[in-house]
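K.L.:
So the sequences go chain by chain: B and G.
FYI, in the numbering used here the residues of the first sequence are 1 to 549.
FYI, in the numbering used here the residues of the second sequence are 550 to 1058.
Source of the hints: derived by calculation from the structure; they are not laboratory data.
Take these hints with a grain of salt, some might be off.
Simulated crosslink set (DSSO-like; lysine-lysine; CA at most 27 angstroms straight-line) [said to hold, decoys possible]:
1. B/370 <-> B/394
2. B/534 <-> G/843
3. B/240 <-> G/631
4. G/914 <-> B/534
5. G/971 <-> B/506
Predicted, not measured: the structure shown is a model, and the values here were computed from it.
Each chain, letter by letter, is given below.
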Amino acid sequence: MTTRVEEISKKLQEDSEEAIGEVLDRIRLMEDLSAEEKLDLSKGLTSILYHHLHSNSSRMLKLAIRAEKRIAKFGPDVIPFLFEEITDVDGESAAYLGKAFCKIGKPGIDYLLQEWSRFSDNDPALINLLQTVSYYTVPEIQGAVPLLVAASGHANFQVQAMALHAMGRILERSNTNLIDRRLVTNLFDVCFHALAHAKPLVRKNAACSLGKMLRKGILLPDEEKRVRDAFMSITGRDEKHNWDRAFIVRKEAELYLSHFHPVAHDGHGYRQTFRIHTKKLLCPNTYHFIVEAPFIARKIQAGQFVIVRPHDTSERIPLSICGWDREKGTLHLIVSAVGKTSTEIIRMMEGDAFRDIVGPLGERSRLPEKKGTCVVIGGGYGTGAIIPTALDMKERGHKVYGIVGARTEEFLIMTDELKAACDEVILTTNDGSKGTKGLVTDALEAIMLKEDIVHVLAVGPVPMMKAVSEMTRPFKIETYVSLNAIMVDGTGMCGACRVSVGNETKFACFHGPDFDGHQVDFENLMKRQKMFVKEEQAAMATLTRLHNN
Amino acid sequence: MTTEERPKLSNKDRILMPHQEMPLRPAESRVLNFEEVPIGYSAEQAEKEAMRCLQCKKPHCIEACPVGINIPGFIKLIEQGKPEEAIKVIRQTNFLPAACGRVCPQDKQCQAVCVVGRKHHPVGIGNLERYAADYERLHRKMEMPEVLPPTGKKVAIIGSGPAGLTAAYELVTKGHEVIVFEAFHRAGGVMVYGIPRFRLPIQIVDEDIKFLEKLGVKFVYNMIIGKVMSLDDLLEKEGFDAVFVGTGAGLPRMLDIPGSNANGVYSANEYLTRIYLMEAKKFPTYTTPLYSGKKLAVIGAGNTAMDVMRTGKRLGADVTCYYRRSREEAPARSEELKHAEQEFINWRWLSNPVEFIVDENNFVKQIRCEKMELSEPDETGRRKPVSTGQYFVEDCDTVVMSLGCSVNPIIPSTDKMVRTNKWGVIMVDDATCQTSKKGVFAGGDAITGGSTVILAMGQAKKAAAAIDQYLKGQLTEEAKVPTDPNYSVQSWKPASRKAEKEGQSVDAR
Ligand SMILES: Cc1cc2nc3c(=O)[nH]c(=O)nc-3n(C[C@H](O)[C@H](O)[C@H](O)COP(=O)(O)OP(=O)(O)OC[C@H]3O[C@@H](n4cnc5c(N)ncnc54)[C@H](O)[C@@H]3O)c2cc1C
Ligand SMILES: Cc1cc2nc3c(=O)[nH]c(=O)nc-3n(C[C@H](O)[C@H](O)[C@H](O)COP(=O)(O)OP(=O)(O)OC[C@H]3O[C@@H](n4cnc5c(N)ncnc54)[C@H](O)[C@@H]3O)c2cc1C
Ligand code: SF4
Ligand code: FES
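Isolated chain G (complex conformation):
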């Protein structure tokens, strides 16, 4: 497309254009390695898909985007064949576009409300975002944003997941000195130790980190704040003017059933961390071991479970998923579920594990499940699994429990001023993300107990704006932090009525 103007097409023409499917590597070969599964749009595909956007006057998609990307704006530029301009529009509000284009649950956010999606397939917003971001990466068109003159204020960011990185970006461009403290030896949070490389190649995260370093953000690794320095140390001794806590949700939930502590039973966090952060997939060149057997049982059906299953498949296991509800209730993003289904996974819906049977050396050898059935929908419309009293046993030599996480307790447990609810989630002022401790702000999974990359980013932006005001002395109001220990921040609400009707849980895991 060379014309500057949008081609003169009626909305009807646009709607009737076919949706461009994301090309994928074939399932047979992709399960043999950790290369990325979707290949990405070609320029032609991207422009065709971009034509499907109606350029709504009041675009719902922007409202549904947690960081409010100007979606029709960037799509228009792609249609005009100007991806390098499109990416600039995206970057105005989202500085991790390559990651978000790949891992955001668009089908529950922007694409769920897209007007085109009412009757047809919604515009592939995520795919287009990814296309623009990849264009920028591959052509090295990354432009440095404007950085305001130094303010002399210093901010500590704790945790280098999406929340921490976003806060760092927002604050460094405002001219503050920013130091990120990370517990691990590598930055990126869940993006490096959880989300598989075949969904989000590590180079992308590394490039984003380098970009921040170029902007002047400093990263300090191997620093567990709370242990090596307390929040008070940072604020009083080390001279930080404010702190942002983006420590994520890192405490895995485990089933408490017989055999839970058997050998070969992992949490999803352990399994994925060993493989990705510690590179156990390259064992023994990298020393970290993984007892990965031939028959892997995965408990749960969220995004993390899909990631575990597909990872196990790539390590050569025969993988079976056990979930106590049915496929319709599976909380995973539909695309993930689809990709997993293509990859030869066995499914045991309505199966509730009740015991892991072990051999004489305490290695798991079988899994025992109870068959479940679904109740009639209750008043919330959700159908609950109920026992049937029937059991079955299947062989397995590795089990991974993927049941979500609770919040990493190190910060709140070492600073009693930071108030949490009874589940350990850090409570903040809704408007400013301030915690109950003065000068300390929080965002990401640490305040939601587990959500998504983009939500973490959205909160971090909110917090960063508030921190900026706070540093300028403009944030004078007392923080309104809930005191009720039962209070819980709602995760991202389903944006569309359709999603709501389907009763999908939006918890990313």
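Same shape as in the complex, but just chain B:
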């Protein structure tokens, strides 16, 4: 053991959360680790994972997730070690190891496929391996399908159940465009057959996987119909009224039956599939999506937004538009994961479809009447949202400055696209890692000092929009901000999005989303955004739970 590794294992023996945090930081900064060092470190890190399982602290959970990441970063060198470990521990521990393992990617799959046969008689190991397979999101995992099919005929029903579970999972988490059709048929047959199994757990997992196939929209019409009929009978809604006697099975079927509800009726020429064409990582937890929505794309204007629902059980959440292609019928969206629904969205893959997208909502962004210098300011997803308006301004002959702010360079997004839309773009970061060090208001002040500004648009976090409005107020510069109030319908029907503007109550979805920043009561907006914090955390917890098991 090298000295630095030895130091680390000593530190770990302190067995405190602080020590673990420190160790993780240290490992992150270590470079050129030898294979042997990686192995030694992995042993230490897996002990952190096991530790977490016996603690209820949320800090420990975070540390465990970080440890998982570090192990994965070690790459192929630690594959054999992890693999042996997975086949040797309890299911819960194996879950964390499995997630680390699958992050290593293709080499892990090759190893797994090659070594699999050693465990055909070791049921607990087999279950853990099947679980590991279920975590993969890369197309290569389709190579494991024959193993899954074989395992679904295993003598031990728990093995069968896990195999069925994995089938649904890998289909759910694959890019639809890359899924082999024959493979779907194969897995469909296996799962469908298993609906008649004697053990409820097996039936439940079969129903769950079929449900996932449905939700993903990869079944053929007649397969869909067979699932629907089967689920109707499981829930006792068919003519015979003899439902599945196991509650867990009925519940599973019930959940997915809702996905059949109003299947967009074909044959009227107004079908929008809302499929994701491309998905691109912009910065941690933030993705750029190109989504098909031809009717909305035809009409949308700068500053308008849409409301989306990724799945049938999801909330409706508003999203701005950072671009569109009227010919191709696509919308460009930026989504940052902040809670359950946005996380559900960023977990969707290319080829997946949103359940609903409705729009265009709200009024288009206001443009200044006088010709002159305009400034558009963005932060977070707002950097994308200001682009269409900047283009509009430029088209009308205004001079357009763009200002983008972020914590660090890593979070500066869409800068090239914005540069293409503006005459000049100023980047700011809080830590100075790129562009000017400071806030967007500093950059705005600099422009105000040298030029007369006729119009400012700011889209982003509320404190930023507020600061911008305060900055321009003394100079009476027309300033608009896009209010991201909590919404439900987006058509003026519910009043959830009430905002106070100039002492009047307005509906952000209908009268806005852009309002005169000098009139907006930002305090009220900020407080209203916190209306559901507890519920949001509870919702997020269900997602984390789902993710972990």
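Take the given structure of chain B and dock chain G with the ligands to it, following the hints.
P.N.:
Frame of chain B, contents of chain G with the ligands only:
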């Protein structure tokens, strides 16, 4: 009852037969879940209740029914033990019988004028309608109506509430191609996002939608007409020959008092939409949250307020109703009020909210009301609430304002040709439901500013008949659309003198 003939009973015998009460689930257990509250008549009860009908020669009840159901006709068939025939009679004029039997304000329409009701309890027309409709549903006796051969004409229906669905039904059976555009992801309008499941189970609405789909009506969801396509787009680019606007009254009215924008203060629309359309009652399986506290204050005493209160009760809250007039003036349907009263709601009549008191995080924590008293009746006979200058404060952590709605402004605001009155209500020709824009017809809450399911259906039928004529080129007269911005279509007038005397407002909310 097996005999074909009506049993030989004198009118007096019939009148003296006791009214069959609708069996209800007990209040203690029904407030624990969202199951339907009335259980429905048994066959025996239904036949007994049907015997109470005198089969009047000139039945007032038919006149009082906005869609003119042949009421004695279907009641007779129930009495004879032929519910499957009875439903056919109802279906001749009303294609949402299961819904109407449950939610129509019969006590202000057919039952208000029923001859038997002059001295005794009127015939339970609504309960009987429901019985026949449920018989049909449960025995799967739904028969497809005759559909005329295709005419080649295409009609767009905007909104899938009762008005839109009725227009769709009427037009598709006339052989026109019908496409319904709905803004939400689910069809049914208020029937899915407002009226609670324990009054109108969602399956009923879904079955009606499926029935329409089988008839060939096509539903397109997630389409906000006005935004995604304008009326002109529909008429010019998309090749529709006529448009029916049934967009409802979807703009909630809010009190403008201190604290109105506090956290935990909802409109009834938001509260009910979150719970029913978005299934917040199944949170967190369904993600839509609802901040539903332990102490719910509901402002208003209309049908919607009753629905909110009873929903809140089912979510485990302690519910209090605040209304500035007294119980007698409460606009809710008497049955709803009765059911709510059984469900352990606290009542604060003659209490006018003046402020919602908030905590440091802007969450509502108390409600402040002024005590009111009623004035002497004015010339319209209505007693107005007047201030007393006395105030009281009570705790609450959720407030729902149920003060009615104004008309959904999206269509008129995106097409200036569609004329509205100063309250935003779309104005139409009384006889044909034509709007000021050629080829565009309207009905339902969009032209009344809020009424009832059955009235919406009645107008939709009128409009559909006119659209049919229009498509055949027979509607040549100019539409007579009022120009006075103060003009307002009267909601359904109280049908009986009795109701009128009581000064009941018939606004459903
Ligand atoms: C007009 C408009 C345009 C928007 N455009 C985009 C966009 O282009 N891309 C994007 O990623 N997001 C956008 N948002 C914000 C987005 O709607 C919220 O992030 C989303 O509703 C969060 O849902 P959730 O279930 O993931 O998180 P939740 O669990 O509901 O919330 C998690 C946390 O996020 C914050 N939050 C919740 N709702 C909002 C909200 N409406 N606005 C801001 N913060 C919120 C709260 O602090 C909350 O505690 C927009 C909002 C509006 C009103
Ligand atoms: C809580 C509540 C309880 C009620 N209880 C009763 C009762 O017990 N009995 C009774 O008779 N009446 C009751 N009513 C009143 C009754 O529901 C309405 O009068 C009736 O639903 C009106 O029907 P409608 O078709 O005109 O409109 P709605 O039912 O409001 O339907 C309008 C539809 O149009 C859609 N839409 C709106 N704008 C657009 C657009 N631009 N593009 C596309 N689609 C659009 C909406 O999403 C909606 O689905 C109640 C109302 C409420 C709110
Ligand atoms: S008014 Fe009453 S008694 Fe007369 S026909 Fe109608 S329901 Fe029967
Ligand atoms: S989101 Fe419902 S009114 Fe604005």
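K.L.:
A separate judgement is required for each hint: does it hold in the structure or not?
P.N.:
Checked hints:
1. B/370 <-> B/394: 13 angstroms, holds
2. B/534 <-> G/843: Given pair residue 534 of chain B, residue 843 of chain G holds - Cα atoms ~15 angstroms apart, limit 27 angstroms.
3. B/240 <-> G/631: 25 angstroms, holds
4. G/914 <-> B/534: 17 angstroms, holds
5. G/971 <-> B/506: 19 angstroms, holds
The structure fails none of the hints (numbered hints given earlier).
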